[in-house]
Structures are given as structure tokens and as C-alpha cells.
Amino acid sequence: MNAIETRGLGKRYRRTWAVRDCDLTVPAGQVTALAGPNGAGKTTLLRILVGLTAPTAGTATVLGAAPGSPQARAAVSAMDQTVPLYRHLRVAGQLAAARALNDPWDADLAAQRLSALGIPTSARVGKLSGGQQAQLALTMALARRPRLLLLDEPLASLDPLARQDVLGWLMTCVAEDGLSVVFSSHVIAELEQIASYLVVLSAGRIQVAATVDSLLGTHLALTGPADGVDDLYDQVEIVTAQRAGRQALVLARTGAAPPGWAGRPVTMEELVLGYLREPAARVVPGLGLEIVR
Amino acid sequence: MTAMTVRMTRAAWYKHRFSVVGIPAVFLLAALALFADGVVQRHWLSVHHLNGCLVANADTGGSSCGSAAWVSFIQPSPMPNVIAVAVLALPVLVGLFAGVPWVAREFESGAFRFTWTQGTSPRHWLLGTFGPLVLLAAVSAAIYGAAAYWWYQIAQWQDGTSIWSWRSSSFELTPLSIAGWTVLAMALALLSGVLIRRAQPAMIAFIVTLGACVYLSQTWLRPWLFSIGPAVKQVSTSAGWPSSVTTYTVQTWLQTPSGQRVSGLPAVNNVSAWIAQHHYTYWVAYQPHNHLIWLELARNGILVTVAILTVLGSVWWLRIRPAD
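As they're listed, the protein sequences go chains A and B. For the first sequence, position 96 (counting from the first letter as 1) is numbered 96 according to our numbering, and the numbering increases by one without interruption. Counting from 1 along the second sequence, just add 293 to a position and that's the residue number in our numbering.
Please note that the accuracy of each hint is not assured.
[As the list claims (entries may be wrong)] A few chain B residues that face chain A, going by a derived Cβ cut-off under 7 angstroms, partial list only: (1) 307; (2) 400; (3) 403; (4) 412; (5) 413; (6) 416; (7) 615; (8) 616.
[Claimed, not checked] Residues of chain A clear of chain B, computed beta-carbon distances all greater than 12 angstroms: (9) 23; (10) 177; (11) 194.
I should point out that these hints are in silico values taken from the structure, not numbers from a laboratory. Positions of the beta carbon are idealized from the N, C-alpha and C atoms, including for glycine.
Take these sequences, add in the hints, and give me the full structure.
Rendered as C-alpha cells:
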């Protein structure tokens with residue numbers, strides 16, 4: 001079963017499409033990085049998947065169920081980028097309210113996690129630091145024992161140490177419980193540590209959707225003479241090319257560097273940035289790794 | 294009680310304990326105040342051996358009791374009616390400050406993104422948390438209404454006003470009516486919050502909507518209900534009339550010997566003679582006292598039905614427009 005499937009999914013706010021023609025299949029058991037610039041539609045897509053927003057067009061399923069349905073609610077947990085909490089309550093009250101809203105609820109997991117983080121249950125939620133609030137929200141999302149976790153910018157308010165801690169914790173949950181995670185973030189370098197599947201969203205459309213291994217294995221960063229870029233288009237599929245003086249840096253879909261060019265493996269950050277610089281280039285899931293201009 | 298109901302009641306308690314405690318507390322404190330005032334007034338009458346005046350002068354107030362003490366008890370002033378209006382304002386205030394923010398504040402604070410992405414759907418959350426609150430408010434309002442009804446009897450006597458249960462203020466100051474208005478106020482507050490999603494504009498919309506409902510009830514619904522199924526009897530201009538204390542006159546008319554209705558009495562000196570001369574009969578349609586409770590039930594049943602439809606409408610709207 002796929003964790004996420006969308007067909008022709010679209011969401012329009014007045015005249016603007018936040019998400020459009022979105023065909024996406026994310027296999028279960030993966031940690032999926034959802035990347036894209038501000039306003040790309042990441043939050044809208046996640047809110048549709050969690051059942052907060054109704055799509056204007058198309059369909060979506062999460063773990064085979066319609067978003068917001070009882071089956072989906074039982075299996076999907078989410079953390080919004082706004083870190084919504086009952087800020088007037090104490091942490092203990094917030095946990096109690098969450099427990100009342102969920103069945104099952106892993107109270108031990110929540111208590112142990114908050115204790116390990118040093119977050120006192122007697123503190124007012126609104127008085128916690130932004131990072132502590134994010135940790136509390138994430139803890140509650142996982143205490144629901146979901147099969148799919150949708151996280152919208154969960155690392156934004158965390159310091160580097162806390163980020164590493166959260167990523168490690170998520171990896172443990174994935175390894176131990178077979179949890180599927182969809183993870184939206186601007187911090188692409190950190191996504192690379194845990195993501196096995198990459199989705200790049202640009203201007204409301206899916207630009208890239210494939211496994212990280214297949215993407216990194218089929219793309220190279222090429223450096224060579226700037227005046228050779230035009231000839232290079234005949235030899236390899238170029239995603240984007242940047243010229244700096246006499247040198248050019250090219251992101252290309254190729255297994256080997258052409259003569260006269262030095263090739264090296266790309267990082268996920270380079271890959272994502274390369275595609276974002278060239279919105280016309282897409283890796284269409286239905287056709288395999290094809291670049292469509 | 295299902296496990297879901299228990300969990301939702303707990304959720305309401307954790308999130309809204311101020312409202313859960315505050316609503317009954319406000320109603321019960323107000324009831325206590327009215328009860329205490331009523332006890333003081335009745336004690337004063339008892340000390341002066343004037344309890345009998347309340348019964349003897351039910352029709353005309355205290356003016357014919359004759360006792361100097363009784364006369365001093367009567368203090369014609371608008372205060373009882375002012376307080377009666379204030380009593381009726383309490384359900385409005387409860388709806389305004391506890392009902393409207395229930396959902397509107399969820400949207401304003403963004404907390405709905407937590408509440409409505411949990412294992413419980415927004416519909417279940419709304420019905421499961423708001424339902425018990427409305428029930429609690431209705432029971433508290435009924436107790437408050439009982440105290441208000443009891444207090445208003447003696448308040449009218451002190452005002453020198455005749456006691457007439459069909460009067461608008463008497464009709465509204467009953468446990469049933471106050472509970473009915475409280476339930477409707479809470480439902481309209483919920484709808485305002487769900488539709489507008491910002492507390493202050495929703496409060497304004499709530500006041501306007503509830504005001505329209507009160508206006509419709511007073512000018513159309515209550516008179517219409519009072520005209521349904523009256524008793525009819527033949528009377529003379531001087532005798533045979535149903536008691537003006539306990540009944541409500543819907544309509545009077547003259548009837549010709551052939552059974553034709555003639556509306557209005559002629560402007561003559563001796564109406565009885567004129568009626569006898571023309572062989573007319575005089576009729577009255579009226580609501581007997583035992584109809585009052587049924588009409589109260591009907592009116593408040595309509596309020597509760599509108600409230601239920603309003604809540605269902607709110608839930609439906611939340612289902613199709615959960616966030617955006």
C-alpha cells in the first residue's frame with residue numbers, strides 16, 4: 001500500500017492555484033522529503049493530506065483512505081508548521097487533552113520523551129520556548145502511534161543539536177515501527193540525512209518525485225568550460241547550467257562525465273536547488289526519470 | 294454513555310474548564326440572588342401577617358388589601374421589570390462569552406490545526422464537547438428560571454402590578470423559557486463562530502441573529518401560538534367572561550341569529566340592550582389556564598428544534614469547510 005496517492009489534485013484560493021495537477025505516489029515505509037521554495041504549495045498539500053483543507057480538484061488518499069476519514073485519522077498524525085497547541089494550558093493539561101482526543105495514546109512514550117527533553121509538565125505551554133513547543137507537538141504526534149507522520153517544517157524552530165536529536169528519534173521510529181514520514185523543510189542538507197524519497201514542489205506542481213538513491217545515482221555535477229555548455233546539451237540531459245566567468249557548473253542527468261568535463265556525485269541540496277532553478281525541468285514519476293521541458 | 298462521549302467530555306474539561314465551571318456558576322449565583330431577594334420580601338410580608346394579601350389581591354395587585362403595611366410594601370417602580378429584562382439577558386451573555394468563542398477562538402489561535410487533526414473528527418469534537426456544555430447550560434438555566442419565576446411573582450406584587458401568567462415577561466420568566474432561550478443562544482453562538490471564525494465579528498453576528506429571533510418570537514410566534522386551539526364560549530357584555538387573571542382572550546365577536554360573524558361592538562350607550570334588540574350573541578375565544586403549559590412547551594420546543602437544526606448546520610458547515 002502506498003502512503004500517499006494523489007491524482008489531478010488541485011487547490012485554488014480565489015484565482016490562485018496553490019497546488020495544481022498533482023499526481024504523486026509515495027510508497028509506504030519511506031521517509032519522504034518534501035522540498036520547495038516558499039509558496040510552492042507544500043503546506044497546502046500537507047493540509048489536504050491531513051484533512052484540514054478540501055481539494056478543489058482531484059483526489060487524494062493516505063494509506064488507502066480519504067484524508068480526514070476515520071481510517072485516515074486513526075493512521076495519520078500531523079504537525080503543522082504553526083505548531084498549534086493550547087497555549088493557555090499547562091503541558092500536563094495539553095497532554096491530557098490530546099489523550100482525550102485520541103485512542104490509542106501512548107502516554108508512556110510522551111512522558112519519557114518530555115522527561116528526556118527536560119520539559120516540565122507543570123509549565124504553561126505558552127511559556128515554553130519555540131523549540132520546546134515544537135518538541136511537545138512532535139511528541140504528541142508520535143504518541144498517537146501513527147503509521148504515517150506528516151511534518152510541516154518541524155525543524156524550523158530547533159537549534160542544531162535539537163534537530164539532530166529529532167532526526168535521530170524519527171529514524172528510530174521508522175526503523176522500529178515501520179513508520180512512514182513525510183517531512184517538509186527548507187533545510188535540505190538535514191533532509192538528506194534521513195530521506196529515502198524526494199518530492200520537489202514548485203509553483204504548486206510536482207517537479208520531482210523519486211527515490212533519493214535513484215536521483216543521486218543518475219545525476220552528476222559537471223564542471224567545465226563555459227563555452228562548452230551549448231555543445232553539452234547534445235550529449236547529456238541538462239537540468240540547469242550556471243556560468244561563472246570561464247567555468248560552468250552543470251547539473252546533468254547522466255551516469256558519466258562527457259570528455260572535457262569533470263563530474264562528481266551531487267548532494268541532495270544541489271539536486272533540489274538545480275531543479276528549483278529550472279522549473280521547466282521535471283522528473284515525471286509515471287515515465288521514469290525523464291526530463292520534460 | 295459511550296467511551297467517545299466520556300473522552301470528549303474530558304477534552305472539554307481540559308480545554309474549557311473556565312466555561313464548564315463558569316456557566317453553571319453564573320446561573321446559580323444569579324438564582325441565589327433572586328432567591329435571597331424573594332425570601333426577604335416574603336419574610337417581610339410574613340412578619341406583617343400580609344401573606345393573605347398575595348392571594349386575595351392576585352388580580353389587582355396589593356392596592357385593595359387595605360393594610361397600611363401592605364400599602365407601604367407596594368413601591369410602584371420600573372425596577373422589577375428592569376430586573377426581569379436583566380434576568381433574561383443572562384442566556385444572551387452566556388452565549389456571547391462562552392458559546393461564540395468555543396469555535397471562533399480555535400480558528401483565531403490556530404489551535405484548530407491541532408484539534409481537528411487528532412483521532413477525533415471535528416464533528417465528533419464539536420458535538421462531544423459542545424453538546425454537554427449546552428446540556429449543562431440548559432439545566433443551570435432551568436434552575437435559574439425556577440428562581441426567576443418565583444421571584445417575579447412577588448416582584449410584581451411589590452410593583453402593584455396584577456399577576457397575569459400570559460404577560461410576555463411572565464411567559465418568558467419560567468424555567469422552560471429560560472432554558473429554551475439558553476439552548477438557542479448557545480446554538481446561534483456556535484453557528485456564528487463556525488461561520489465567521491473570528492470572535493468579535495461573530496459576537497456581533499450572534500447578537501443580531503439572536504435579537505432577530507427574540508423579535509420574531511415576541512411579535513409573531515407567541516401571538517400565533519396563543520391563537521391556536523382556543524376554547525370558545527358565549528358570554529354577555531357583563532357576565533360569563535372567562536377569568537381575566539388566568540386566561541388569555543384571543544378574540545371576541547358578535548354573531549347574528551343566522552350564525553354570521555359581526556366584528557366590533559357598536560358605539561352605543563347600552564351595548565347589552567343593543568345586542569338583545571338585534572338578537573345577536575356575544576362570543577369569546579380564549580386560552581384557558583391549563584393550555585399555558587402546553588403553549589410554553591410548544592414555544593420552547595420550537596426554540597430547541599431551531600437550536601438543534603442550527604447545531605446540525607454548524608456541524609455540516611465545519612465538515613465541508615474544516616479550515617479554509
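Going down the list of hints, with the structure as the test:
Satisfaction of the interface hint for residue 307(B) is found here, the shortest Cβ-Cβ separation to chain A being roughly 4 angstroms, below the 7 angstroms cut-off. Annotation: residue 400(B) was flagged as interfacial toward chain A, and the flag is violated, the nearest CB pair being 11 angstroms apart, outside 7 angstroms. Given hint, residue 403(B) at the interface with chain A, holds; its Cβ is 5 angstroms from that chain's nearest Cβ, closer than 7 angstroms. For residue 412(B), the shortest C-beta to C-beta distance to chain A is roughly 4 angstroms, which falls under 7 angstroms, so the interface hint holds.
Taken as an interface hint, residue 413(B) checks out: its beta carbon lies about 5 angstroms from the nearest beta carbon of chain A, inside 7 angstroms. Taking 7 angstroms as the C-beta cut-off, the interface hint given for residue 416(B) is violated, the closest approach to chain A being about 10 angstroms. The closest approach between the C-beta of residue 615(B) and any C-beta of chain A is roughly 6 angstroms, which is under the 7 angstroms cut-off, so the hint is satisfied. At a threshold of 7 angstroms, the smallest CB-CB gap from residue 616(B) to chain A is about 4 angstroms, leaving the interface hint in force.
The Cβ of residue 23(A) sits about 22 angstroms from the closest Cβ of chain B, beyond the 12 angstroms cut-off, so the non-interface label holds. Residue-level check passed: residue 177(A) sits 17 angstroms from the nearest beta carbon of chain B, beyond 12 angstroms. With a least CB separation of 22 angstroms from chain B, residue 194(A) remains clear of the 12 angstroms interface cut-off, as annotated.
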